[in-house]
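Number of protein chains: 4
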Amino acid sequence: MTKKLWGGRFAADTSKLMEQFNGSITFDKRLYKEDIRGSIAHAKMLAKQKIISAKDFAAIQKGLLSILKDIDAGKFDFKLSLEDIHMNIEAELTKRIGPAGARLHSARSRNDQVAVDMHMYAKKEAAEIAGLIFNLQMTVLALAQKNKDVVMPGYTHLQRAQPVTFAHHMLAYFNMLCRDFERAETAFDAADICPLGAGAIAGTTLPIDRAFTAKELNFGKVYSNSMDAVSDRDYVVEFLAFLSILMMHLSRLSEELIIWSSTEFGFIELSDAYATGSSMMPQKKNPDAAELTRGKTGRVYGSLLSMLTTLKGLPLTYNKDMQEDKEGFFDAIDTAKNCLLVFEGMLSTIKINKEKMAGAFKKDFSNATDLADYLVKKGLPFREAHEVTGKAVAYAIKKNCALLDLSLEEFKALSPLFAKDIYGEISIDTCVSKRNSYGGTSFKQTAVQLKFAAEVVKKEAAQLKDLKDNI
Amino acid sequence: MTKKLWGGRFAADTSKLMEQFNGSITFDKRLYKEDIRGSIAHAKMLAKQKIISAKDFAAIQKGLLSILKDIDAGKFDFKLSLEDIHMNIEAELTKRIGPAGARLHSARSRNDQVAVDMHMYAKKEAAEIAGLIFNLQMTVLALAQKNKDVVMPGYTHLQRAQPVTFAHHMLAYFNMLCRDFERAETAFDAADICPLGAGAIAGTTLPIDRAFTAKELNFGKVYSNSMDAVSDRDYVVEFLAFLSILMMHLSRLSEELIIWSSTEFGFIELSDAYATGSSMMPQKKNPDAAELTRGKTGRVYGSLLSMLTTLKGLPLTYNKDMQEDKEGFFDAIDTAKNCLLVFEGMLSTIKINKEKMAGAFKKDFSNATDLADYLVKKGLPFREAHEVTGKAVAYAIKKNCALLDLSLEEFKALSPLFAKDIYGEISIDTCVSKRNSYGGTSFKQTAVQLKFAAEVVKKEAAQLKDLKDNI
Amino acid sequence: MTKKLWGGRFAADTSKLMEQFNGSITFDKRLYKEDIRGSIAHAKMLAKQKIISAKDFAAIQKGLLSILKDIDAGKFDFKLSLEDIHMNIEAELTKRIGPAGARLHSARSRNDQVAVDMHMYAKKEAAEIAGLIFNLQMTVLALAQKNKDVVMPGYTHLQRAQPVTFAHHMLAYFNMLCRDFERAETAFDAADICPLGAGAIAGTTLPIDRAFTAKELNFGKVYSNSMDAVSDRDYVVEFLAFLSILMMHLSRLSEELIIWSSTEFGFIELSDAYATGSSMMPQKKNPDAAELTRGKTGRVYGSLLSMLTTLKGLPLTYNKDMQEDKEGFFDAIDTAKNCLLVFEGMLSTIKINKEKMAGAFKKDFSNATDLADYLVKKGLPFREAHEVTGKAVAYAIKKNCALLDLSLEEFKALSPLFAKDIYGEISIDTCVSKRNSYGGTSFKQTAVQLKFAAEVVKKEAAQLKDLKDNI
Amino acid sequence: MTKKLWGGRFAADTSKLMEQFNGSITFDKRLYKEDIRGSIAHAKMLAKQKIISAKDFAAIQKGLLSILKDIDAGKFDFKLSLEDIHMNIEAELTKRIGPAGARLHSARSRNDQVAVDMHMYAKKEAAEIAGLIFNLQMTVLALAQKNKDVVMPGYTHLQRAQPVTFAHHMLAYFNMLCRDFERAETAFDAADICPLGAGAIAGTTLPIDRAFTAKELNFGKVYSNSMDAVSDRDYVVEFLAFLSILMMHLSRLSEELIIWSSTEFGFIELSDAYATGSSMMPQKKNPDAAELTRGKTGRVYGSLLSMLTTLKGLPLTYNKDMQEDKEGFFDAIDTAKNCLLVFEGMLSTIKINKEKMAGAFKKDFSNATDLADYLVKKGLPFREAHEVTGKAVAYAIKKNCALLDLSLEEFKALSPLFAKDIYGEISIDTCVSKRNSYGGTSFKQTAVQLKFAAEVVKKEAAQLKDLKDNI
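These protein sequences, in sequence, are chains A, B, C and D. Heads up, the first sequence is in the numbering used here, so the first residue is 3 and it goes up one at a time. Heads up, the second sequence is in the numbering used here, so the first residue is 3 and it goes up one at a time. Heads up, the third sequence is in the numbering used here, so the first residue is 3 and it goes up one at a time. Heads up, the fourth sequence is in the numbering used here, so the first residue is 3 and it goes up one at a time.
Derived by calculation from the structure, the hints in this document are not laboratory data. Treat the hints with caution; some may be incorrect.
Note that the list lumps identical chains together, so a pair holds whenever it fits in one copy or between two copies.
Quick list of in silico lysine-lysine cross-link-like pairs, DSS-like style, CA-CA up to 25 Å [claimed, not checked]:
(1) Lys-353 to Lys-50
(2) Lys-339 to Lys-31
(3) Lys-97 to Lys-393
(4) Lys-57 to Lys-400
(5) Lys-446 to Lys-401
(6) Lys-467 to Lys-126
(7) Lys-358 to Lys-401
(8) Lys-401 to Lys-52
(9) Lys-364 to Lys-287
Excised from the complex, chain A in its bound form (with noise of 0.2 Å):
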């Protein structure tokens, strides 16, 4: 390498590693959809504004459906040395109609140009997103619906704290996902503003018309600023902010299926299909694809972080630097599509061991906020129906049984207030049921949530059909 460096030989070299470096065709031939779509747009527009003819758009669209139909078909050549997608699109349809292809570029920048694929690029994929999250709902509140008897252990600091429906449970996830759901609609939002036609940095001599590319393109604003616009990349982040929270979601429900899976808690088995072996031990059952989601949290969460590093402290406007906004931002779009319909594949054909979450309550003292509640409406402060509920507790865990082996006796040396009427209280059943407080786990507002939730994929639906109309 020094050797090279100092021969003499060493520009024809490192033009070639230069070229390498900076080019971005490897990647960005991701956006042709969009490149060739937004340069239609553009042509059409500069037709309409008589900056080209008639006859050039004609040719220009022509030629590049041409190119999309090629490359749709895979047989398209990329070069490097043509560095990105528009350069290579541009360079093809040059050749295959001559000089008119060289004034689509008229008017335009590369910076505006790869901003509007960017867009729409955004844009369709915040849809897509969006699809899968609903898709996502529709299972969650499907295994709700099906399991609305099942009571389980609900925890905190993974302690048992008191007894939950499952669907309950489920939802708290249905839930998360509605407002990931509305941030993916926040992200289609974001990206929805047009930059073509801010040029370089300050606007085009040429007389265009920008809210006519934009509305061919479906968009819904456009940059009152071509400054801002070439440089602005505020709506990546917030994408990869909207990714990070989602993959946080996913991490916690897989670390919740994870350890349900274990011998010990028993509450699920995963389905063959998603579930892997070990080549050394014969007996193992991995959830693999749950991990996997939880490990690749941490590569969406690099994403978001690389994207606001690499922006902080550029000066205006467009540097390179800004390159790196599409690979991190790619791959984290991929890795979240790639774990929604994991997912959706994994809780749809995931087994609920009802009888191994029912059985968690023997010897368990997850009616013991129950006891206590018995104390408060007996007429206890509950500051002392706490402490005496502790002693109950307490006094079980030493005899080894739960609070519903103690003899009305024991009870009452407790305190006097405890009647016959606490076996009933404190049934499991009846810890549920009397949780009846609006969003709480009974049977009665577990189903008004199920009702609610219906309603919200509902409307959703419809969301759903209006963002993939504006894409």
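We have chain A already, so just place chains B, C and D on it with the hints.
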């Protein structure tokens, strides 16, 4: 340490250590206003629902207001042994009003109590930050308005690209701040959902009215699932993502202010009030405020990543890890607020060196694009015009002059399309004026943008009032 | 706010605002010991080099020691108007001893002064943390030693894999901590280079002796380039990377303690001193210390990322952004130290439920690998043995029994290679004992590891002394 | 999607989906050399220990070498259905050599197999990167040597501080790269420990010789605890932290190259081979390589954070999350290597504008510190000298001249201590020459540093050879 460990006297020491490790009062005391306000609303609801007596409510309210007054006055003694703000206030309340105080915690857990405090706090801070962003926008707008005729080089890659108005450049930041203002509203909305009444995890057995407390506390929505209510921190992450993008914007402007303050650029001079000197070099005038802001960007990013990392893989519902939702969040909010305040001061006292900015165009090629556009208008395809211009630039560099210094003969030698009108067409004033596409830098479009910005500000003022009314 | 801005009375306010924004005394006062020690060494060198008089040095030393005493006693009044710890001390020194105090800053800038303070501080803390890691290693080792005969399931994917000794499991953490101890040493070494005398950027014109001050301050090396000396923060990043890995290890152990504390696993019980209760659920005993540590992992990661982000793209040499090297660094150090202390306490008081661990093997397939190995030893290729074992496991699951419960006939039906010795070969005791490869879990290898660990600890004790001698 | 889900034909689809999600062959095929080398060493040991026959070993070795040849030649067909590189190679081996191939996996699990591959890969890449750092150091050193007499302004806060030699400035980066070289060695050492033989988690029942395989594979150490061996990824995190610091350094130099390339600074000119043009602005010559490197810094930081996040809170031992240790790691390595290569090319072809650097001192106050030092030497306490100098600077700014332009009378009016010798004392040449403290910028010290650097490089060359010998 080791001796203590093996010496048998450890238990006593460690309980104190654990107390310090576990306690949050040193930082969550910041939430005292929210905690008291939330408790009064809760007590009022308990009385309405006959869970406590009207007399108890009156005592609770009076007691809490007296505590509020004492904390406001700095006369409250926070105790680490009481762990957190909730227990500190409740213990004092019971001390002041007796058993009624102990009844306040009926139908409530610290899990939903701390959640409602944090939601209220987030809303308040989102509104305050929106106000500071608004103020900064006003300052940026005034600066742009005042310097709307100033022309400066516009940059890409920190290389001079095309001449722009200083106002155009500033308005790019105005637009970024517009999006930040909107994100502040989104952060407000994300927090505007009431978890109170979710209990520890599963709701409560007491007949509470969650809609009532939510309304009392100005919340727009109520969590429909109690498990989600106590374990959701999405609004914290969203807030931190918003702040990270805001800081990213400020870091970009910081970078520009620092570069512009260099002797070499000399475009601006910071007021003495916002610059500092050196302990060793008497001539120095350093842009410390801008540097610190740029540096603090990393700090806010760090808080975002911390929160995301902390939440990764947590099973439902509340886990103690979530106590980490406070310090980084508070710090990021304080940091962003201070940076916004300092920027407002720094920008409102900045001196713009118009002559230095204008003088930059001597021996400059910022008008090269216009030369190319000139050729395009004369009928040359853009790519060819680009090539001719490249040659003209190379020729001028060799001659050590600007494009405007070339003779007509020299121009004609480069392309027969050049005529006498070239000189007017590539004057800096023309370069700016002709870039008259929507969002472009022409004086006319700059004026359009300034007018548009004035309308935006008016609309934001109304939105700001709305936010503050709903805290 | 806006009114103030345009009201003309702003200058006064903002200078105060800027003072607060810019000042670091609220957090860098933590460095007072280092600052005074560094100043005394610097003054001693100045006197030796005849830059100041011996009398001046005596006065400076006496003055600084009296200030040190006052700060130690909490009797020093830090002033924000004096910005930082350096100016606060110097101003007070001049007040106490007159003009000699003003001479102290000769041949020094705050750029190299703060750098030397931070280097000394980093060394001190690296040594302290190494000590705390050492203590925790001792605790882990004692716990392993005490439970060296306890057998528990070893997990991969949180699925039972193969039986292991509890000591083996604990020694995995011991080994992680060994690497952390080494990294503490590396962090110490990275900081062990003296920047004093670098001046603001380019050295000094005065005839200083940098080797002398470096030696006075126990530094092993001296920066050979002054520009590097004032702008290098590598040692801070390295320290934070070390702490991040340390916290990652603690987060892994935290996760295990939390899972093991669940009712379902029940492998351990935390002492009351390291667990906390619930304000609502009287039966709860929550592993708060482990949860908090796991949560605080995100916080330390955040500090690492903050520092890296802050340093990204900074031109040489000192920039004010670098003031951000302190708060996150201090916080990460405090956090890690507290977590180490709490872990030491928590692990030294933990109760191991041996019966629960051992009982796990009933109806368990942790010995499946041994079944496969048995067949391999009888001549079956591993992949085929794996397959036969898979069938055996599936058969036993169907029969709802463990492998040891199968009859010899049943075994033989699966493969003719099985013989009577299979029962001994797959007993849990055998499974552990036979895994006797180096580093394996057999009781013998566990004993080897324990012995090895004891030697490591001895070596570390010496290294620790060495670190402390070189602070 | 939803229809498919409930349509009963899902199972088939999802298994394919899961296969794609779970498979790692698309990226871990990069490890084929390590995998084959590790397998041969393992087989050799198995034969030595009589676990397999010598004949089997011969067949295995031959088979693996033929596979290696085919992969090298691009003639191997990787199958996603075979999940990963290990299974792809083993399956092919068994196909080629029959049952002996199936015996290769005796006493090994994929957990230790992938770990050993990654360790070997990390060592190889650490050595390669050390080599690239070394090359870049050579380039930086040559650049410094060549321009050792060039004087330029030294900056703090991007404000001119004191004059420095260009070589001094470059040597600051040389020193950063020295530390990076050392960190490459540390990363090598961290990876230089052999996990092979740890099995899935607990070692193996077969009589293996771990020291033998470790030696065969050039490892310096062997993991002493099998559970640690399969779940340790510290060396990956350390490597990523090292790369992050390296990229931080390159980002700082990038920032300087970008600023120096601006028209306003004009200190350097990049060769055409390392700069690129604009599609719209014909005059542009953009420092893309430096910008991209600065931008890619975020990407490497992201990989570090991803890995840390992924590892957070994972229970022992192997979890599938750990498969995420590869892609970000590979990408960070590729990125750093490319940046180092490009920097070497960019710096070796850079043009230094000496006149522009030297010309910067007209109307400049870089010699202000020297004015103050002059007064100190005449007996004024530093703080007072600083004040007088401040006044001199303010006076000169008002007069629009440099300090050297002031008359002796003007100097004397500022302080009676000034004499005629002031002019010589504050000439730029003197300013540089007098800063002769160790590590300072004087021509003499610069020469000392250059000599020292040449020795460092010699030492590094030997260390580099050592690294490469131990891959």
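Results of checking the hints against the structure:
no.	hint	result
1	Lys-353 to Lys-50	neither (61 Å within a copy, 45 Å between copies)
2	Lys-339 to Lys-31	both (19 Å within a copy, 24 Å between copies)
3	Lys-97 to Lys-393	between (87 Å within a copy, 24 Å between copies)
4	Lys-57 to Lys-400	neither (92 Å within a copy, 41 Å between copies)
5	Lys-446 to Lys-401	neither (35 Å within a copy, 40 Å between copies)
6	Lys-467 to Lys-126	within (12 Å within a copy, 35 Å between copies)
7	Lys-358 to Lys-401	both (24 Å within a copy, 18 Å between copies)
8	Lys-401 to Lys-52	neither (92 Å within a copy, 38 Å between copies)
9	Lys-364 to Lys-287	between (27 Å within a copy, 18 Å between copies)
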